[in-house]
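**Q** Construct the entire structure; sequences and hints are all you get.
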Amino acid sequence: MAAERTCLGHAKTPSRRVPRRNCTNITNRPMKMATKKKTYAAIDIGSNAVRLLIKELENPEGPVFTKVQLVRVPLRLGFDVFSKGYITDSKKKDMVRLMKAYKHLMKIYHVDDYRACATSAMRDAANGQEIIDGILKTTGIRIDIIDGKEEAAIIYGNHIEKSSSLKGNLLYVDVGGGSTETNLISNGQLIFSSSYNIGTVRMLNGSVQESEWKRLDSDLRRLAPSYSGIDLIGSGGNINKLYKLSGERSLESTGMSVSSLKKTYCSLAPMSVEERIERYDLKPDRADVIVPAARIFLTIADTVSADYIYIPMIGLSDGIIDGLYNRKQK
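First residue of the sequence shown? That's 2 in this note's numbering, and the numbers climb one at a time after it.
Read the hints as simulated data drawn from the structure, not as lab findings.
Simulated pairs of lysine to aspartate or glutamate, EDC-like, Cα-Cα distance not exceeding 20 Å:
no., residue 1, residue 2
1, 264, 308
2, 150, 220
3, 263, 308
4, 85, 131
5, 39, 114
6, 263, 232
7, 38, 113
8, 94, 131
9, 138, 90
10, 215, 303
11, 93, 286
12, 245, 308
13, 263, 289
14, 92, 286
**A** Rendered as structure tokens:
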């Protein structure tokens, strides 16, 4: 009998019977269900910018967080508040639009829990609470206005344990648009925490009270003799950018020397904002505040005789997410 041919004219290969495998062990083996990763978000409403940070919990036993999304919008609320005392209608409308956008992003990323915190500008705004109440009604997003001490605690709080391997005396400094937060840590233990109404936007507006500078100086000079050899831990967008501009940033580096920061400051300070933008490719909302930020860090470093600044790239948003996770564990 002639061989059966396929549609292409080739002889069809006789089919072979494949022995049936014993699947008993496969079907009876319990299936391992994939664990849904938890996703957390933090909204940081600062004096210069409003940030949304979304992180995913990779290892519930760790925890190990992976950054999923970071959005930063330079709303610059402080420029209203520190000159007029309130937030204008224009900024208020922008704020509502931004919160709606952030709410949609949190839905898209299936965020399980979030916290929104407003700091110095919203604290000082005469209509701050009114705006927050309106945002809750319009968007459903609840915003907490936190005071300076809580801000300082959130920023570093959960990172004290992580930094317990760092021996010696460390002064954690976070410089924002409206305030500067400090935490003194000795061998991993929190010794002193305070907040000062000294910020980059306040300095640009000339609204930092001399009494605040004196309070900062007095606190640091009182502490420094008892905790010798203090180094700084710097936090905030400005110190990160100054670190990059210094040329000391590398995979091996953990920070920068104070002398390098001083050199970078001396290069930037004489320039106009436009010159900084052109020469260093800075964004306009960074180019104006970076010099006041450097001044604050240098003033603090000089007062406590610090030689080095560790820059771990952590801030308020990271602290908020750590707090959300720890709250779930209780």
